[in-house]
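Here are the chains, one letter per residue:
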Amino acid sequence: MPSLKVIQLRQALAEKFPGMRMRLEAKPARESGPEPDLFQNCLVKGALNELSAGRESTGSATMMRALIAHAAARNQIMAAVDGFDSLDVSALEPAELARLLWIRCRDAETALKAADLLLRDGNLPLIFLDLKLNPEAQLRKIPATTWYRFQRLVETTSAICLAITPRPMIPAARARFVLKTSFALRDLERDAPELVDAASWEADALGQRNANLHSA
Amino acid sequence: MFAVVQLPDFFLQAALRPEPELRGQAVALVDARLAKPVVVEPTAAARRQGVEAGMTPSQAAARCPGLAVRNRNAAQELCAAEILLQTAFAFSPNIESTAPGVCTLDLTGLPLQTEAAARAWAAKLLGALARFNLDARAGFGPNPGLAWLAARAAAPALWLADPKKFIFDMPVSALRPPMEILQALDLWGVQTIGNFAALGKDQIAARLGQEAVQLLETIETRRPLKLVSPPVEFAERMDFEREIETTEALLFVLNRFIGQLALRLDAVYLVVAELHLRLALASGDHYERVFKIPSPTNNLQILFRMLQTHLETLRADSPVTALELRAEPGKAGRHQFGLFEAALRDPNQFAETLARLSVLCGPDNAGSPQLSASLRPDSFRMAAPEFSSGKTPLPVAPRENSIRQGLQLRRFRPPLAAHVEFRGNQPALIHSQRCRGPVVATQGPFASSGDWWEPGRSWAREEWDVQTEAGLYRVFRSPEGCFVEGVYD
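Protein chains in written order, with my numbering: chain A, 1 to 216; chain B, 1 to 489.
Hints may contain errors.
[Stated by the list, open to error] Simulated restraints, written as ranges between beta carbons of each label pair: (1) Leu251(B) to Asp107(A): 28 to 38 Å; (2) Arg149(A) to Gln301(B): 15 to 25 Å; (3) Val440(B) to Asp116(A): 35 to 45 Å; (4) Asp197(A) to Tyr287(B): 53 to 63 Å.
[To be verified] Covered stretches of chain B, going by a simulated chain A footprint (3 or more residues, C-beta under 8 Å): (5) 371-382; (6) 478-489.
[What the hints assert, rightly or not] Take a look, some chain B residues computed to stay more than 10 Å from chain A by CB distance: (7) Pro8; (8) Pro37; (9) Arg63; (10) Arg70; (11) Phe89; (12) Asp106; (13) Leu107; (14) Gln214; (15) Leu323; (16) Gly424; (17) Asp451; (18) Trp453; (19) Ala460.
Calculated from the structure, these hints are not laboratory results. Computed from a prediction, not measured in an experiment: that's the story for all the values here. Virtual Cβ for every residue (Gly too), placed ideally from N, Cα, C.
Bound-form chain A, shown alone (with noise of 0.2 Å):
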């Protein structure tokens, strides 16, 4: 329970930014389960975080999307590197919108080169990386060095970096989570923050070891 204090000092941040009120109306909806952003706390910043799901319809893409609303609610910007241009836009809603940049890609080589310069860049501090729909082909094509790489370059910012994929293949990763829901047709009939309460997923060794690290 926050102190008085605590609770003084939002009261006044509240009158003072009018958009944050927003946000903290909209937070009591929430209140009765667990935070939507099921990852958050346990993804690596600065380090490449790796979301694997093997099967078709695990909950990959109700993931990202319940990371994208998490993100906007805190007003942060980020981008989606969609490797085979299938992010579903219009589920979305317009403060989400506005707070993404999508890249549309259709192969994995060319995420890969959109992923690296926004690395580059530095200025987003969330970056997905999704090649769960691309080809294993393309995948295989994809040296290990490439993620190594990719950890360097996102070490030096406070960014996060999630690759969705199709199976574990990122060496360097940080933190790994894999998808073991497989939903079912009633469960088109939830909403999202259930679906994402009800997803189960493990995080492998080095991943809940990273985790540990950075809550520490």
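With chain A held as given, fit chain B onto it using these hints.
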């Protein structure tokens, strides 16, 4: 008190300003617009080897084998004149454009009562011009005419403590009289301005006419200046003697132009807010492009990279014959990052990255998506993101009519053609590039249509959400056939 700033060999200096390395070498400036092109101004090194004004280029080259020849460049002369006025205006608000390469300044109100103060002031002014590769001289006198005479004799600054003594022994030719007056005075044995003035205005008027009197009055009277304001335009131009076909050559010139423009703006405490590039092509066409600087700056590297990124991808039908780079001035941005603000740390770097991404992925494939006011599936357009400081949009309320969907769809663009077998009005078997097999469960059909009021744009479809062993998909049927629109993920 007045000051005159003069750029000796103005046309030559203007032509050599983009090539400062040639100033110490033997160069002859040729006026190619004359019926018979001749050397108009040689450099000091060329003069030492016998090159003189009035020679033909071949005569000059015969005397000086290593002679470099440059043509008079009207665009560069205009730039040099602008620089002279803009620089002078930073030192005195009352300036006159007296002649090409000559600027007269009224020093009234300035604390320049002593020679030492005037020399220090002149050193700053001449130093400012030297940054633009322009060598200047400054002369101080009680009237504009005397100040101009002092400037011609200055090395590099001259303060006339005793004007009468200064002009007494000066040759009459310094007043630049017409040839017939000069010849008459020569016949009479009048060689100096002192002797000329001793004739008396009445005698001069009676014998040589009013024109000769006016010559004397230019150094005796204090005429009012024709005040001008320096142009607010900051531009660098160059007409190429040879057509430019490669980006490297263009970038070399542009790099120097940017340096000069940044210096000019720096002198008046402004920064570059926009760059306007104009290329004249040999075909007669022009190519123009405006570069808006997200965070106005005079940083040479940032400005140059912005131009370089664009020019590396530019393909023109014909070579470049002339180049103009114009800078729109602005004030340097001051921004303090807020506690809850997620502004870009380096907007200029981001603009460059965005330009590179546009080149890499295509101009319509990098930006912020904006939804169209239509129910047509996947209807949006790409817009330039506005993440610059102070422009980050405030949180926007959710769309009231948005379809709150839990499981996110990954779209196949374009939708994948599929062979779908129906049982009743429900899909029973799907065969497409990404999904195939029997359908385990379905929802639908969900019918939608729109744009029926616009000929050729109407659309209608029936959608089903289907589950197969592999996953969840959205399938639709339209007049064109059956398609898999995406996978729920």
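A quick look at each hint next to the structure:
no.: 1; hint: Leu251(B) to Asp107(A): 28 to 38 Å; verdict: holds, 31 Å
no.: 2; hint: Arg149(A) to Gln301(B): 15 to 25 Å; verdict: holds, 24 Å
no.: 3; hint: Val440(B) to Asp116(A): 35 to 45 Å; verdict: holds, 41 Å
no.: 4; hint: Asp197(A) to Tyr287(B): 53 to 63 Å; verdict: holds, 56 Å
no.: 5; hint: 371-382; verdict: holds (count 6)
no.: 6; hint: 478-489; verdict: holds (count 4)
no.: 7; hint: Pro8; verdict: holds, 49 Å
no.: 8; hint: Pro37; verdict: holds, 51 Å
no.: 9; hint: Arg63; verdict: holds, 56 Å
no.: 10; hint: Arg70; verdict: holds, 42 Å
no.: 11; hint: Phe89; verdict: holds, 38 Å
no.: 12; hint: Asp106; verdict: holds, 50 Å
no.: 13; hint: Leu107; verdict: holds, 49 Å
no.: 14; hint: Gln214; verdict: holds, 66 Å
no.: 15; hint: Leu323; verdict: holds, 28 Å
no.: 16; hint: Gly424; verdict: holds, 17 Å
no.: 17; hint: Asp451; verdict: holds, 16 Å
no.: 18; hint: Trp453; verdict: holds, 22 Å
no.: 19; hint: Ala460; verdict: holds, 18 Å
When the structure is compared with the earlier hints, no violation turns up for any of them.
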